[in-house]
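A.B. asks: Protein chains in written order, with the working numbering: chain B, 1 to 253; chain Y, 1001 to 1263.
These are calculated hints, taken from the structure and not from any lab test. No false leads were mixed into what you were given.
For lysine-lysine, the following DSS-like pairs were computed, each having C-alpha atoms within a straight-line distance of at most 30 Å:
id	chain 1	residue 1	chain 2	residue 2
1	B	K91	Y	K1217
2	B	K163	B	K144
3	B	K190	B	K247
4	B	K61	B	K51
5	Y	K1217	B	K153
6	B	K144	B	K74
7	B	K190	B	K163
8	B	K230	B	K247
9	B	K136	Y	K1217
10	B	K144	B	K247
11	Y	K1217	B	K163
12	B	K190	B	K153
13	Y	K1217	B	K74
14	B	K153	B	K136
15	B	K252	B	K74
16	B	K74	B	K163
17	Y	K1217	B	K144
18	B	K247	B	K153
A short list of chain Y residues far from chain B (calculated; beta carbon distances all over 12 Å):
id	residue
19	A1020
20	V1023
21	T1037
22	T1039
23	I1043
24	L1051
25	A1052
26	V1056
27	L1072
28	R1161
29	T1176
30	V1180
31	V1194
32	V1250
Short, incomplete list of chain Y residues facing chain B, as computed with Cβ under 7 Å:
id	residue
33	G1212
34	N1213
35	E1230
We put the CB at the ideal spot given by N, CA and C, even for glycine.
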Amino acid sequence: MTRVVLAVLAAVALTGCGAQDEPSATSGAVSGEIIVFAAASLTESFDEIGKRFEADNPDAKVTFNYAGSSALAKQINDGAPADVFAAAAPKNMAEVTDAGNASDPTTFVSNTLMIAVPAGNPGGIEGLADFADDNKKIALCAEKVPCGAAARKAFDAAGITPKPDTLEQDVKAVLTKVRLGEVDAALVYKTDVRAAGDEVEGIEFPAAADAVNEYPIVVLTDAPNAEGAKVFVDFVLSDEGSAILTKAGFGKP
Amino acid sequence: MRRRGRLPAVLVVPALVGLAFLVVPLAGLLVRAPWTTLTDQLISAEVGQALALSLVCASLATVLCLLLGVPLAWLLARGDVPGRRVLRALVTVPLVLPPVVGGVALLLVLGRRGLIGQHLHEWFGVSLPFTTAGVVVAEAFVAMPFLVIAVEGALRGADPRYEEAAATLGASRWLTFRRVTLPSIAPGVVAGTVLCWARALGEFGATITFAGNFPGKTTTMPLAVYLALETDPGAAIVLSLVLLVVSVTVLVSLRDKWIGGVS
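Bound conformation, chain B alone (with noise of 0.2 Å):
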């Protein structure tokens, strides 16, 4: 049995990074490596998704490429090698779809956004309209990426402008720049300031409501581990991966 095992493993390493399907060790489990393109957001809840996906599937080893989903978008366009793609907005996924690298994409999570501030609020951040102040210094998501395009849709829905002063690459770049209080105020999702802890406080807005950010997940075409691609998304979306999701905030789709 042990022979068997260190056979599989150096066949793992022989064709490099479970670049083909292993024939698993054990019925039912899957082996080789899953590479999981996913939106910055999502960070926390999938790499705990993953230590459980790992336990129950010892022979599998899944990577995690954290990005801003336009970034992952592009980067799968390209060629990318990646298994599973999870992104925090239609938008991205349909940019993936469109150019044919996947279809049928299912809808796991939402996620709202919320007002974020340095512990101890040292800017004395109110509410949305704080962020039209010039002398306070706000961090937004760049447009293109869905923390910003949802972020737009609520500054619309109040009738705010902004007066950012850095539109950052993905919402994780927003969070740390509170969570160093180099800026008095940022909008990121709901799950971010439960990450971050003591170190950031959320403050709640209604009109969060009209910017609700669906998540799609998806197994993509050319998925170098196909099989395994498609036990991880199935446990994201079973009943153990939506609890880990749930508790990181996000909401149900």
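Fit chain Y to the given chain B structure using the hints.
C.D. replies: Just chain Y, lined up with the frame of chain B:
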């Protein structure tokens, strides 16, 4: 004293491969450039704004590097400081440090809550992140080692006997530095300055981390290229070409003017 004869293939082949490796990607930009919409893209306000900001910031960063870097190079080459080797290694740290890490380090020191930045903010109301000054600081941090290394190399290659002669004639060290040392290492300083400027012009990681991204304030050309790449690859190529043409033009003209003999 040139030796005639056939060039050895063992050198020529890798040299040509090396040349192709450096040049072919540039050709790729040219091939894929959206020539039909090129003029529209070029006259867009965004390009002009980003280019102007890039040139201004890179030049200011270079001035900052000259003011601080030349004395630093002198100290490393001529000063009798203990632990010079360690100092020299420390100076080159920004060369090996991923620029994004450099940006984080700058935030932790010069940010609003940074070690020094919090005092700047309290006492003078100055806050560097998200400002054009922040871009200059980030670029100078990354580019200065190029200048220091070039100038230090020139200083170590220069004959110290001229300086000693000046000293025996009664010149102070400052006078010697200005009138003897500096003119003798001028080509090295110019080469270092050009390298430093070029590095500053292309700086991306430290800039976006420390200074953020806002059009007209901190969005330099490399940031604009990165942003455009995700939404409009054609525009990204145009921006890259503009940056390429401008930098190559400046570099070539400077080189011909100042260090033509060295090429």
